[in-house]
Amino acid sequence: MNVLFLALTVDMGVYQGDSTHVGELTANLRRMGYRVRLVARRSGNHKGWKDPLFHCVSRSPKPPGDFMRLLQLLLSMMRGAYFILRYLGKSDLLYTRDRFSMLLAFLPSRFLRKPIVYEVNGLTSEQRKMHGDYFLNWMYVKLLETLDKLAFINAHSVICVTDSIRNFYCKRYPQLADKFITVNNGVNRKLFHPFLDYKEVFDLRARLGFDESDDIIAYVGNLSLWQGVEYLVRCAPAVVEKNPAVRFMIIGRGPTYDTCLKLAEELKVADKFKFVGQVPYPSLAHYINVADVCVAPYTRDIPNCPIKIYEYLACGKPVVCSDIPGIDNLRKDGLLTLVEPSNPQALASALLSVLADMDGRLAQRENAPAKVADYTWENSAKRVAEICDQTTGVNKPHAD
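Quick note: the sequence shown uses the numbering used here, first residue 121, plus one each step.
Read the hints as simulated data drawn from the structure, not as lab findings.
Since we're looking at a predicted model, the values are computed, not measured.
Using N, Cα and C, we set each Cβ at its ideal position, and we do this for glycine too.
Each statement offered as a hint is correct.
In the DSBU-like style, the derived pairs of lysine-lysine whose C-alpha atoms are separated by at most 30 Å in a straight line are: (1) K170 <-> K310; (2) K502 <-> K491; (3) K502 <-> K452; (4) K319 <-> K394; (5) K310 <-> K452; (6) K502 <-> K234; (7) K182 <-> K269; (8) K262 <-> K182; (9) K388 <-> K362; (10) K502 <-> K291; (11) K362 <-> K392; (12) K392 <-> K319; (13) K310 <-> K502; (14) K319 <-> K362; (15) K170 <-> K182; (16) K234 <-> K269; (17) K269 <-> K210.
Label-pair restraints from in silico Cβ distances: (18) E320 <-> L256: 45 to 51 Å; (19) P294 <-> E460: 28 to 34 Å; (20) E460 <-> S180: 37 to 43 Å; (21) S180 <-> K382: 25 to 31 Å; (22) L270 <-> K362: 49 to 55 Å; (23) Q465 <-> H313: 29 to 35 Å; (24) R451 <-> L263: 33 to 39 Å; (25) G454 <-> P400: 29 to 35 Å; (26) F174 <-> V399: 17 to 23 Å; (27) L195 <-> L256: 20 to 26 Å; (28) G397 <-> Y254: 28 to 34 Å; (29) S473 <-> L270: 44 to 50 Å; (30) L316 <-> P294: 46 to 52 Å.
Required output: the full structure, derived from the provided sequences and hints.
In structure tokens form, the structure reads like this:
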């Protein structure tokens with residue numbers, strides 16, 4: 121089967137949840153015999169990137185400011201339109217994971233009678249509301265909601281990465297409920313697992329400037345408003361007051377990066393934070409293995425897709441997480457320590473409690489990887505493949 125995969129807003133040159141999802145899903149579908157042609161962005165170093173089925177719509181990193189990001193999006197859409205017109209006729213199915221790709225593709229796909237599978241990874245319109253109550257933002261939210269409805273109407277199937285996202289849209293669009301299907305995110309267990317070589321872990325700790333006696337709390341991911349890294353910084357004074365050995369390691373970048381740096385200085389805990397920035401995806405498990413506790417301090421009860429949580433658990437790490445929709449499948453077995461969103465006092469208390477429970481930390485290292493063994497990208501790709509086959513009427517994938 122030939123699949124045209126559109127991800128115009130995803131930068132494959134930067135590690136974050138969306139690029140991980142697209143890269144892993146594409147790779148696993150190809151291993152199953154699907155011929156997946158990917159259209160996306162790619163910034164950064166291009167050496168060694170040899171993929172004849174990858175087509176780049178932008179080589180620039182995400183710029184600062186709404187206007188420049190809009191300009192980049194428009195230019196990406198122009199290039200994306202070219203690739204759609206060039207390759208859609210040779211494809212059996214169109215797979216798209218963002219509204220703007222869908223906006224470009226739904227008329228050509230209807231004209232050429234190509235079915236569409238649309239993927240939803242979060243409630244972007246709900247997250248956008250956090251940016252403020254001003255008129256332009258209100259207009260942008262309404263635009264996103266309109267594009268959502270357009271996408272859902274024109275898609276054959278809509279893949280949601282959590283049950284809570286699916287339930288949200290089933291409630292909002294009950295007439296389209298039959299289209300929504302859950303396919304959970306996964307983890308690459310070949311990369312993410314507990315490291316048995318403690319010397320490797322201690323060497324990386326030393327290179328990062330940590331002592332062997334430090335208790336390291338790690339956050340991995342995009343520093344967006346709803347990810348709540350600001351609340352992790354706000355809880356730091358209470359944590360280090362009770363446990364002076366604590367150090368915080370922040371891996372990733374995003375809109376609140378500078379805000380968090382400034383806040384750490386204002387709260388006089390800057391010396392307790394190590395802002396690592398972006399790291400290559402294959403190296404990420406090394407940094408997670410350095411940590412004693414990992415954290416996902418989401419700010420609101422908006423359904424989310426916790427790729428980072430799967431990665432934490434696969435490495436056998438204790439996880440402190442905001443109690444939000446989207447983690448329902450991980451609540452059992454005591455895998456997560458849940459706290460109220462946007463509550464730095466509760467977050468500090470939970471982190472201190474987990475750090476003090478050495479027996480619990482050792483048990484997590486032993487048990488957690490097995491508990492998430494079924495949440496692999498291979499299994500996610502198999503489920504997506506089933507949906508694509510049902511959509512096109514093909515029973516088996518085949519190499520082209």
